[in-house]
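> Listed below, chain by chain, are the residues.
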Amino acid sequence: MIEFHNVTKRYPGGFDALSNVSLHLRAGEMAFLTGHSGAGKSTLLKIISLIEKPTRGQALLNRINLNTIPKHRVPYVRRNIGIIFQDHQLLFDRPVFDNVALPLTIQGYRPQEVAKRTRAALDKVGLLNKEKSMPITLSGGEQQRVGIARAVVHKPMLLLADEPTGNLDPVLSREIMQIFIDFNQVGVSVLVASHDLNLIDELQKPVLTLNRSQLIENGLNGMPEPTDMYQSMADR
Amino acid sequence: MRSNNVRRDKPATTNRLSAYFLHHIQSLVFSLSKIYQAPATTIMTVAVIGITLSLPGGFYLFLKNIDAMSGDFRSTTQITLYLDLKLDEKKARTLLGEIDVMAQVQDTEFVSRHDALESFRESSGFGNSIDTLSSNPLPHTIIVEPDSNADSFAVKNLLNALQAIPEVEIAKLDTEWLDRLYTILEIAKRSVAIITILFAFAVLLIIGNTIRLDIQNRYQEIIVTKLIGATNAFIRRPFLYGGIWYGLLGGLTSWIIVEIGYLAISGPLGRLNLLYQAELAFVTFSMQDFIILLSSSTLLGLAGSWIAVARHLNQIEPT
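Chains D and S are the protein sequences, given in the same order.
Terminal number for the first sequence in the working numbering: 236, no gaps in between.
Terminal number for the second sequence in the working numbering: 1319, no gaps in between.
There's no promise every hint is true.
Okay, derived cross-link-like pairs now, PhoX-like style, lysine-lysine, Cα gap no bigger than 25 Å in a straight line [unchecked claim]:
| id | chain 1 | residue 1 | chain 2 | residue 2 |
| --- | --- | --- | --- | --- |
| 1 | D | LYS155 | D | LYS130 |
| 2 | D | LYS132 | S | LYS1034 |
| 3 | D | LYS155 | D | LYS132 |
| 4 | D | LYS132 | D | LYS116 |
| 5 | D | LYS130 | S | LYS1172 |
| 6 | D | LYS71 | D | LYS155 |
What the hints contain is simulated information worked out from the structure, not anything from laboratory work.
Next up, chain D with everything else stripped away, as it sits in the complex (with noise of 0.2 Å):
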């Protein structure tokens, strides 16, 4: 699913944010990415949801190049990801249900498939009483769920989760978590993002770990696929 090659980060000034970074998530798999603030976490995020590119390496996602992807096709590539952000970033100006229904909308289904799919994924998330609220009225870990329901909206192959449960107490946090753990047990690629290490470490799942933009622990099983290691090599 996700496949960093030696991928290097190197921001204007000569700042490395990620430095040789491989790793290998596959179709179906779980992990934690975490480390100290600063380590490379979002940088890594924002390569795999394509808002920035590799200075040096490759970054695949489901074997297409995000280093060569045309602008006009960003959207279409990002259409096989669900994002959940720290700070939910709903639209405060529509309610509930329209926020859900927002990926859709962008995709062009119809109304009542709209409406359908819409109410399924409140439905997963318990939040389907509250369709017709405004998002202000929720409180943080409504409002947290009302983005994973959005993000899982369109059945996406990834979800993608920048500290998901950064600003909400343990007990929500778990509760958080394990929305996710369902949606990987039916086939949803996840990547967490997390610096919560009491709530990973309980729940058992592989664990990337960042450090000074290196790659210092890496639990997957999986590793680049050797043909491209050709590439990676005279990318050095």
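Following the hints, put chain S in place on chain D, whose structure we already have.
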């Protein structure tokens, strides 16, 4: 490699075109609801556009009325023929018959020197002085009304032909003041055209700026939508419809402003009509004018928002 390989589910919308139109309708309604949700901002913007457009609109209406009036004058153009003083009435009436059948002549009227003197005596109040004259100083006159279809060139030709008749002492067509009026009107028309262009630019800038602020206000929303996989076209649409609404509502406002202005001055206009004993029909916007006003203001709205969107929207990328 194409992203299609990745996609497991295709949108259930089988007809892409219907999805496209669906989003257009959604954007249209959405942008209208945005306007509805922020009435104060909208009213101010629409008022500014309306006032801006009402100026050229009002000038246009003013000119249209002057034009209509001068048309009335043009149709009442007459040529007065002052005949030779020595010509007797019988010969003069023979000449009248000849002129009456000339091409481009609609109607003729004979005023004998006797009648002319009588009417002058009555209207001028110099009755006593006239009585002291030994002889009537006035000639017989023929008033020729040119064909109403005749243009100014044909009227000039007719005038020359009449002047060429030996019994005609003077043929007089009083159009100099009319020509001056037409020249002034032409200047006014061009001024209105310039004003219209300038104000159209102003509207373009007003709408462009409003949409730019709108884009800035919804910066975060645009970024989130992009991350969810929205194309630029998708994001652009509600803003373009917003511009269309601003233009349409602004045009409608300017129409109302001009109509109210017209109503306000129609009282004195009517009195002026009475004073001049004229039967001038004052005209307001026709249906055609109304449609042109609304469609051009709507187009200005679309153009203004397009400029803003093209300049600012594509620069917004998630970081």
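> All hints, please: hold or fail.
We went through each hint and held it up to the structure:
no., hint, in the structure
1, D:LYS155 - D:LYS130, "holds, 21 Å"
2, D:LYS132 - S:LYS1034, "holds, 18 Å"
3, D:LYS155 - D:LYS132, "holds, 22 Å"
4, D:LYS132 - D:LYS116, "holds, 15 Å"
5, D:LYS130 - S:LYS1172, "violated, 89 Å"
6, D:LYS71 - D:LYS155, "holds, 23 Å"
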